[in-house]
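A.B. asks: Chains as they are written, first to last, in the UniProt record's numbering: chain Y, 1 to 411; chain P, 1 to 411.
It is possible that part of the hints are untrue.
Claimed, not checked - Not everything, but these chain P residues come out facing chain Y in the computed CB check (under 8 Å):
{"no.": "1", "residue": "N20"}
{"no.": "2", "residue": "K21"}
{"no.": "3", "residue": "L36"}
{"no.": "4", "residue": "R49"}
{"no.": "5", "residue": "V216"}
As the list claims (entries may be wrong) - When the alpha-carbon atoms are kept at most 30 Å apart in a straight line, the in silico DSS-like pairs for lysine-lysine are as follows:
{"no.": "6", "chain 1": "P", "residue 1": "K81", "chain 2": "P", "residue 2": "K148"}
{"no.": "7", "chain 1": "Y", "residue 1": "K114", "chain 2": "Y", "residue 2": "K52"}
{"no.": "8", "chain 1": "P", "residue 1": "K338", "chain 2": "Y", "residue 2": "K267"}
{"no.": "9", "chain 1": "Y", "residue 1": "K52", "chain 2": "P", "residue 2": "K45"}
{"no.": "10", "chain 1": "Y", "residue 1": "K264", "chain 2": "P", "residue 2": "K359"}
Since the hints were made in silico from the structure, they are not lab data.
For glycine and all other residues, C-beta sits at the position ideal for the given N, C-alpha and C.
Residue strings, one per chain:
There are 2 protein chains.
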Amino acid sequence: MTREQCEIADENDELKIFRNKFKIPQDTIYLIGNSLGLCPIESQKIANRVIKQEWGQNHIDSWNTAGWYHLPVKVGNKIGKIIGAEQNETIISDSTSINIFKCLGTSIAIQKIKNPDRRIILLERENFPTDLYIAQGLVNLLSTDEYKIRYFDDDNRLEDVLGDDVVCILLSHVNYRTGQLYNMKQITKLAHKVDAHIIWDLCHSVGSVPINLTKVDADFAVGCTYKYLNSGPGAPAFIYVNKKHQNVAWQPLTGWFGHQAPFKMSKLYEPAPNITNYLVGTPQVLQISIIDHSVGITLDADMQAIRKKSLALGDLFIKLMDEKCPSLKLVTPFEYEKRGSHLSYQHENAYAISNLMRKRGVYGDFRFPDILRFAMTPLYTRFVDIWDVIGIISEVINDAEYEGFDGNCVT
Amino acid sequence: MTREQCEIADENDELKIFRNKFKIPQDTIYLIGNSLGLCPIESQKIANRVIKQEWGQNHIDSWNTAGWYHLPVKVGNKIGKIIGAEQNETIISDSTSINIFKCLGTSIAIQKIKNPDRRIILLERENFPTDLYIAQGLVNLLSTDEYKIRYFDDDNRLEDVLGDDVVCILLSHVNYRTGQLYNMKQITKLAHKVDAHIIWDLCHSVGSVPINLTKVDADFAVGCTYKYLNSGPGAPAFIYVNKKHQNVAWQPLTGWFGHQAPFKMSKLYEPAPNITNYLVGTPQVLQISIIDHSVGITLDADMQAIRKKSLALGDLFIKLMDEKCPSLKLVTPFEYEKRGSHLSYQHENAYAISNLMRKRGVYGDFRFPDILRFAMTPLYTRFVDIWDVIGIISEVINDAEYEGFDGNCVT
Numbered sequence: 001m002t003r004e005q006c007e008i009a010d011e012n013d014e015l016k017i018f019r020n021k022f023k024i025p026q027d028t029i030y031l032i033g034n035s036l037g038l039c040p041i042e043s044q045k046i047a048n049r050v051i052k053q054e055w056g057q058n059h060i061d062s063w064n065t066a067g068w069y070h071l072p073v074k075v076g077n078k079i080g081k082i083i084g085a086e087q088n089e090t091i092i093s094d095s096t097s098i099n100i101f102k103c104l105g106t107s108i109a110i111q112k113i114k115n116p117d118r119r120i121i122l123l124e125r126e127n128f129p130t131d132l133y134i135a136q137g138l139v140n141l142l143s144t145d146e147y148k149i150r151y152f153d154d155d156n157r158l159e160d161v162l163g164d165d166v167v168c169i170l171l172s173h174v175n176y177r178t179g180q181l182y183n184m185k186q187i188t189k190l191a192h193k194v195d196a197h198i199i200w201d202l203c204h205s206v207g208s209v210p211i212n213l214t215k216v217d218a219d220f221a222v223g224c225t226y227k228y229l230n231s232g233p234g235a236p237a238f239i240y241v242n243k244k245h246q247n248v249a250w251q252p253l254t255g256w257f258g259h260q261a262p263f264k265m266s267k268l269y270e271p272a273p274n275i276t277n278y279l280v281g282t283p284q285v286l287q288i289s290i291i292d293h294s295v296g297i298t299l300d301a302d303m304q305a306i307r308k309k310s311l312a313l314g315d316l317f318i319k320l321m322d323e324k325c326p327s328l329k330l331v332t333p334f335e336y337e338k339r340g341s342h343l344s345y346q347h348e349n350a351y352a353i354s355n356l357m358r359k360r361g362v363y364g365d366f367r368f369p370d371i372l373r374f375a376m377t378p379l380y381t382r383f384v385d386i387w388d389v390i391g392i393i394s395e396v397i398n399d400a401e402y403e404g405f406d407g408n409c410v411t
Numbered sequence: 001m002t003r004e005q006c007e008i009a010d011e012n013d014e015l016k017i018f019r020n021k022f023k024i025p026q027d028t029i030y031l032i033g034n035s036l037g038l039c040p041i042e043s044q045k046i047a048n049r050v051i052k053q054e055w056g057q058n059h060i061d062s063w064n065t066a067g068w069y070h071l072p073v074k075v076g077n078k079i080g081k082i083i084g085a086e087q088n089e090t091i092i093s094d095s096t097s098i099n100i101f102k103c104l105g106t107s108i109a110i111q112k113i114k115n116p117d118r119r120i121i122l123l124e125r126e127n128f129p130t131d132l133y134i135a136q137g138l139v140n141l142l143s144t145d146e147y148k149i150r151y152f153d154d155d156n157r158l159e160d161v162l163g164d165d166v167v168c169i170l171l172s173h174v175n176y177r178t179g180q181l182y183n184m185k186q187i188t189k190l191a192h193k194v195d196a197h198i199i200w201d202l203c204h205s206v207g208s209v210p211i212n213l214t215k216v217d218a219d220f221a222v223g224c225t226y227k228y229l230n231s232g233p234g235a236p237a238f239i240y241v242n243k244k245h246q247n248v249a250w251q252p253l254t255g256w257f258g259h260q261a262p263f264k265m266s267k268l269y270e271p272a273p274n275i276t277n278y279l280v281g282t283p284q285v286l287q288i289s290i291i292d293h294s295v296g297i298t299l300d301a302d303m304q305a306i307r308k309k310s311l312a313l314g315d316l317f318i319k320l321m322d323e324k325c326p327s328l329k330l331v332t333p334f335e336y337e338k339r340g341s342h343l344s345y346q347h348e349n350a351y352a353i354s355n356l357m358r359k360r361g362v363y364g365d366f367r368f369p370d371i372l373r374f375a376m377t378p379l380y381t382r383f384v385d386i387w388d389v390i391g392i393i394s395e396v397i398n399d400a401e402y403e404g405f406d407g408n409c410v411t
């Protein structure tokens, strides 16, 4: 393998035109799009339109004339196409964390009707912290005597701890730390076997791994828009609710925008009879307008092509790392069916390596205590980037001195 | 009173320079800033800086270099100055509705420790719907057998239904519909007399009425930034928590950004020992940056000056309406100590009048079934605007034919 062969691979890349749609930071190789996706060039134009024209000139009229009211569902449905949802099963609202709360609360409320004795929320011990925290907070609110959390891990496997006392399972499709991809079809089936719900956290898979929620008959899903969907820091998240669950019980955050007739100003909450009841407060117009465009880029690119390139970039990365940096140990499974779109490596000096890489313009990221993550973002990562990154890592690896972790890194 | 006298009043207005800081829509008199505040001209520049430079060029580095991490507290503290909070009692996060949920949940958790037998959440029946709905949803989640909502209204006055079974009172400082201003000091004292908490919803008072939460020893408060704080449609809200309540119990939405060390990725939620634990997901950087600037305008203007002009505009409005449109009945109390910054009028043809006004470029708003609201926004409303508006209303009022309400109006 040579750098010239990487250049040829880039030349033949069917996704190569998409790189032009992003602002590529100077002197930087950006392998951290799983933390914050790069900025689509058009974002600025959209923000200017919303601020200057829609808000500035047309103000409240824009709720109707610019379609502000319909943004959460319209953009939700665009994401729905990426995750294999049916129409009106996906909506943009709030953050991933808050949407997890909605899913857990709704699942509990539905099971109260269908399987009233169940009290267990099943979590993977290694799931992203906010998933664990939100469940812990909800159980605390409901009083710990009543609902309980059960964890599964390598020693206590899901199959072994999943019984008919389980309300729901909350699990990430791709683990944030290891990059492992879980078998959505198999695990959803497992859950349904005992009539438990499954809530899929798609933060690290949406926009990078093909997903078909309808096909696997998933119950709930959440995901973020600022990673592989490139919608900006802290952009609102999405929530998916299978139609069969939409009108069974209230979701717990019953705000006026989820009411069936918000402007009737009635005194009793009556949920909208569809995905709209997962809205809470007034939608974040500016950011949702930006998401609208960013998600469009991913839709244009096609998820199969994205996945194909993601795996090819990953194969190259793994091969070159094996050759040039053998002291870094691959944590992510090599098999395609178990690999997401970022690769995680373990090294005792991971934090120092990460810092030295950054000084050389290479952005991967560090996860406490000893993990380096490198995201393959096919819309803007090139094969030559991978070649160059491995060259730099192999140079810095010998310089790496341990520096204490100061807590200042970002998801 | 003549139009010339209004022009002189504008000439002598100590706040007149602030109008230049806003994009004033053409051919429009905008008396609906209590629904969506006008757009500060600088907003566009700020959005461009955040998108192009901070996100586009410096990406994840901006969490530190551009101070993204500190935005929620930094801007929260700016709002804190407007509402008389101490440092680190106010933070920007999520929506008003979600922040109400946090306050109610925290109040319940604190009372579980301090007054464990209490089960009543006290609401004003005429409060803004989302306040009612969020409480209804929380009680539903906790199971209706346990916690109960009690309402107060004209027939069942607060004093009469407030007993030692009350967890907390949730009340708007200014009622959205009537424009009535409540006595924050007196009502907070009433609540504390029976050891109940009070949660103040400041949506219709922040930025228009002087507030001193420290002086009245309020427990919790929430408020929105897109009305009198002019921060854009759906911009995130703020939450205030009195320091004495910050470390007593968990707020219910325990997301990773509220953890005491988010990037340690620990598996158990441990709340940050300060207002930061009221964050949930990743902060909305773009919108909070815009709030930062908008709130600065209000801070520069001084709340006493804003209040003084608001009342003067209101006095003029009421006087001219009395003279020229006697069929419209003032709902808002006339007394200064009971008057917020918008005036509400009742008329059986309110909806039709509202529509006809809009065709003439006058934006007030309609509230189901028969209320017209007119907001005095001293930063950009002139005395001549009031003069002109009353002229237009007196002309359209005779043309008003009833048209059925189609549900398409905006808060």
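A.B. asks: Please go over all the hints and tell whether each is borne out by the structure.
C.D. replies: Cross-check of the supplied hints:
no.: 1; hint: N20; in the structure: 14 Å, violated
no.: 2; hint: K21; in the structure: 12 Å, violated
no.: 3; hint: L36; in the structure: 5 Å, holds
no.: 4; hint: R49; in the structure: 10 Å, violated
no.: 5; hint: V216; in the structure: 26 Å, violated
no.: 6; hint: K81/P with K148/P; in the structure: 35 Å, violated
no.: 7; hint: K114/Y with K52/Y; in the structure: 50 Å, violated
no.: 8; hint: K338/P with K267/Y; in the structure: 24 Å, holds
no.: 9; hint: K52/Y with K45/P; in the structure: 10 Å, holds
no.: 10; hint: K264/Y with K359/P; in the structure: 23 Å, holds
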